[in-house]
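S.K.: Protein chains in written order, with the working numbering: chain A, 6 to 411; chain B, 6 to 411.
Misleading hints may appear alongside valid ones.
It does not matter which identical chain is meant; a pair holds if it fits inside one copy or across any two.
Cut-off 20 Å, straight-line C-alpha distance, at most; resulting in silico cross-link-like pairs (SDA-like, lysine to any residue) [unchecked claim]:
{"id": "1", "residue 1": "K68", "residue 2": "K85"}
{"id": "2", "residue 1": "K223", "residue 2": "G78"}
{"id": "3", "residue 1": "K223", "residue 2": "D259"}
{"id": "4", "residue 1": "K408", "residue 2": "Q191"}
Hints in this document: simulated from the structure, not taken from any laboratory.
There are 2 protein chains.
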Amino acid sequence: MEALGLRCVNCDQAYDLGLYYRCKQCDFPLEVIYNTPVRGEPIEIPGNPGLWYYQPCLPPVAKEDQISLGEGGTPLLHAKRLGELLGLPNLYIKDEGQNPTGSFKDRPTAMGVSFARSLGVETVVVSSTGNAGASLAAYAARAGMRAFIFVTDRTPPAKLIQMAIHGANIVPVRGSLSDAYWLAYQAALRWQWMDLTSTFLSPYPVEGDKTVAYELYKQLGRAPDWILIPVSVGPLLVGIYKGFLELQALGLVDRLPRMVASQAAACAPIAKAFQSGAVDVHAWDGSSETVAGGIADPLRGYETDGIYTLRIVQKSGGIATASEDEEILKATRNLAALEGLFCEPTGAVSVAALNGLRLHTEFAPDQLVVCVATGHGLKQTRVFEQMIEFPAAIDPTLDAFAKLLE
Amino acid sequence: MEALGLRCVNCDQAYDLGLYYRCKQCDFPLEVIYNTPVRGEPIEIPGNPGLWYYQPCLPPVAKEDQISLGEGGTPLLHAKRLGELLGLPNLYIKDEGQNPTGSFKDRPTAMGVSFARSLGVETVVVSSTGNAGASLAAYAARAGMRAFIFVTDRTPPAKLIQMAIHGANIVPVRGSLSDAYWLAYQAALRWQWMDLTSTFLSPYPVEGDKTVAYELYKQLGRAPDWILIPVSVGPLLVGIYKGFLELQALGLVDRLPRMVASQAAACAPIAKAFQSGAVDVHAWDGSSETVAGGIADPLRGYETDGIYTLRIVQKSGGIATASEDEEILKATRNLAALEGLFCEPTGAVSVAALNGLRLHTEFAPDQLVVCVATGHGLKQTRVFEQMIEFPAAIDPTLDAFAKLLE
Numbered sequence: 006m007e008a009l010g011l012r013c014v015n016c017d018q019a020y021d022l023g024l025y026y027r028c029k030q031c032d033f034p035l036e037v038i039y040n041t042p043v044r045g046e047p048i049e050i051p052g053n054p055g056l057w058y059y060q061p062c063l064p065p066v067a068k069e070d071q072i073s074l075g076e077g078g079t080p081l082l083h084a085k086r087l088g089e090l091l092g093l094p095n096l097y098i099k100d101e102g103q104n105p106t107g108s109f110k111d112r113p114t115a116m117g118v119s120f121a122r123s124l125g126v127e128t129v130v131v132s133s134t135g136n137a138g139a140s141l142a143a144y145a146a147r148a149g150m151r152a153f154i155f156v157t158d159r160t161p162p163a164k165l166i167q168m169a170i171h172g173a174n175i176v177p178v179r180g181s182l183s184d185a186y187w188l189a190y191q192a193a194l195r196w197q198w199m200d201l202t203s204t205f206l207s208p209y210p211v212e213g214d215k216t217v218a219y220e221l222y223k224q225l226g227r228a229p230d231w232i233l234i235p236v237s238v239g240p241l242l243v244g245i246y247k248g249f250l251e252l253q254a255l256g257l258v259d260r261l262p263r264m265v266a267s268q269a270a271a272c273a274p275i276a277k278a279f280q281s282g283a284v285d286v287h288a289w290d291g292s293s294e295t296v297a298g299g300i301a302d303p304l305r306g307y308e309t310d311g312i313y314t315l316r317i318v319q320k321s322g323g324i325a326t327a328s329e330d331e332e333i334l335k336a337t338r339n340l341a342a343l344e345g346l347f348c349e350p351t352g353a354v355s356v357a358a359l360n361g362l363r364l365h366t367e368f369a370p371d372q373l374v375v376c377v378a379t380g381h382g383l384k385q386t387r388v389f390e391q392m393i394e395f396p397a398a399i400d401p402t403l404d405a406f407a408k409l410l411e
Numbered sequence: 006m007e008a009l010g011l012r013c014v015n016c017d018q019a020y021d022l023g024l025y026y027r028c029k030q031c032d033f034p035l036e037v038i039y040n041t042p043v044r045g046e047p048i049e050i051p052g053n054p055g056l057w058y059y060q061p062c063l064p065p066v067a068k069e070d071q072i073s074l075g076e077g078g079t080p081l082l083h084a085k086r087l088g089e090l091l092g093l094p095n096l097y098i099k100d101e102g103q104n105p106t107g108s109f110k111d112r113p114t115a116m117g118v119s120f121a122r123s124l125g126v127e128t129v130v131v132s133s134t135g136n137a138g139a140s141l142a143a144y145a146a147r148a149g150m151r152a153f154i155f156v157t158d159r160t161p162p163a164k165l166i167q168m169a170i171h172g173a174n175i176v177p178v179r180g181s182l183s184d185a186y187w188l189a190y191q192a193a194l195r196w197q198w199m200d201l202t203s204t205f206l207s208p209y210p211v212e213g214d215k216t217v218a219y220e221l222y223k224q225l226g227r228a229p230d231w232i233l234i235p236v237s238v239g240p241l242l243v244g245i246y247k248g249f250l251e252l253q254a255l256g257l258v259d260r261l262p263r264m265v266a267s268q269a270a271a272c273a274p275i276a277k278a279f280q281s282g283a284v285d286v287h288a289w290d291g292s293s294e295t296v297a298g299g300i301a302d303p304l305r306g307y308e309t310d311g312i313y314t315l316r317i318v319q320k321s322g323g324i325a326t327a328s329e330d331e332e333i334l335k336a337t338r339n340l341a342a343l344e345g346l347f348c349e350p351t352g353a354v355s356v357a358a359l360n361g362l363r364l365h366t367e368f369a370p371d372q373l374v375v376c377v378a379t380g381h382g383l384k385q386t387r388v389f390e391q392m393i394e395f396p397a398a399i400d401p402t403l404d405a406f407a408k409l410l411e
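Okay, chain A solo, but in the shape it has when bound (with noise of 0.2 Å):
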């Protein structure tokens, strides 16, 4: 496989391989293309860490210009005692909580910073409700560059001393995260800085969220029958769902899952869009307040990105859902003290998911599911913190314990 250069996903306009953005013609987001591979070559394997390891598969990045703290290669974990209790004997979690800032964002940041620094550009920016930032911050520091975070007053504290521990220039800016995301996009392009937003806006970032579905197959040996997905604007699901593409011109799967993009209820453009059989997506009103709210993004002002999503769940054959706070909360409980992995609300709403897709006409309890567990329980705490109750401190004697016993 070798990269071709960027088309654009609505009107097949092509670009080189630059410093583009979205599409000048339609402003629907760009796409890097490859080579048709010949079918049935093997995935080259090479010795590199973290999203290196893909390297073949990746728009191209000279050995100098790859930076890498060990992104990827999650685990896959078998949910036994959590798909008991659902009634899914095949259900799996790929804990993306394990990538080094404690979020999958690791792996399109990887990608773009090194595609950057490989086109020469020194100054990297991102608007960010916390992740993507965090993300940006480390990656930016190892690499030597300059960063730029723009972010809103939501963003939780822990992610913050994330940014400025790693040196970034956080710019809290007044507004919702559309008025982040403009002012970077704005800044970006004046000075010819690259923005690594998490939408679609680089057609770069989304080459490092395909990697999932590589390790996914190198897990499974296949495709998933359905991968859910939490869903702000929607890169990630793309992503994987091209990497399967991918896989499948390769020769390596033969048929492809089914995505499920996972949606809270207090902002959910995408899943509003798919269940009332819109073609359109429309920015999303209101509050937007959420205990997920790493994927509470309104789209106002680049709802194409959300059409983009929607068409792919769509060519998928999957579905879009929305999941209340309390089912979020429950999920990411169910989580922590059956399987032993606590993530961040925010990750768990691709399992809150499972309650929307019982209901779809293609799902079977036997079929081979994957929840994305998209960030570390570490990342957001204080959500936790009112809601559980530390018992009171005893003598250090076994008579005082073994009354707490009783």
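Since chain A is already given, all that's left is putting chain B on it; use the hints.
M.R.: Relative to chain A, chain B alone:
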């Protein structure tokens, strides 16, 4: 390699592979012994996830009792930028923060919980400053076992939340970590539970620590010249050295690393003994208040554990160092700002210890040096909250941002 039984590290008394703690004759730690492998015999690599990849080198655990969250397999990162600053071109960081619960403890816990299960023990306990407790809570949840975590009032909130959300029984104990230690041990003896406290109390967890050595060998193809490790009691240090002894017996490495026990000056019983040339380690008096709370263990009542670690340090030709909090915080910030690696202050004590190592007569700047970073920064963000200044919010306009840039 096949596990044959247990042996006292001091008086050689033999035991079978059962539920034993310290030597009944001399109160020193027990260790698992193996038959001598045929020289040159390759390490079998089954396709198991996590720790069980190394199954042939570990105590026997049937497949159905092997509990894993995908621990281990952590990246070894070449620290080019930090190495330049320090004049150490071959400096590497082993990032143990990428383990499932965010610290290296997942290795000994995976081993310990699985072995407890294989012995039919259904309740596991631990006394912990935080990380071992968070880890045990997660693995016990995955195994469906009952867990009691004995903690002090100094445990950081994020770690308490980890324990609670995994459904473990938290037992806050008045007094020091040593008080929690003794209460947990007495309870384990009384009810025949397994105490997996991450000292040398149980001989099994250290076998999980050992796998770091196997990974370093796989990643480097040789033993490092020096391995620096944050040390409280020392099982990680002792486990890694044991692993290299086995790799040497297997004919895979031809020499052994020198081990550096890296302590915080505020609580440094092993470093104090080493620097005074003593044979014995004494319990630490005083407050032991430090930013590196994860290794602040006064060793009161289990001083023999410290003696054992001191012996291994000396046997390896290594040293024991003590770093001031200021150096530890500086090391933490350097790792984050230069390498993109955010670890909790405890985890960076190994990097702080480079200051002491450089004074050693056997040290040369071009040697291969590995610092183990033991835990993720997200575990202890509050340390940094007061140290970092966040800028004021700006309006979402390019003009406002341009003004900020100047």
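S.K.: Now tell me, hint by hint, if it's right for this structure.
M.R.: Here's how the hints hold up against the structure:
1. K68 - K85: between (41 Å within a copy, 15 Å between copies)
2. K223 - G78: Both: 10 Å inside a chain and 16 Å across chains, each within 20 Å.
3. K223 - D259: within (14 Å within a copy, 34 Å between copies)
4. K408 - Q191: Close across copies (14 Å), not inside one copy (64 Å); limit 20 Å.
This entry satisfies every hint, going by the numbered hints stated previously.
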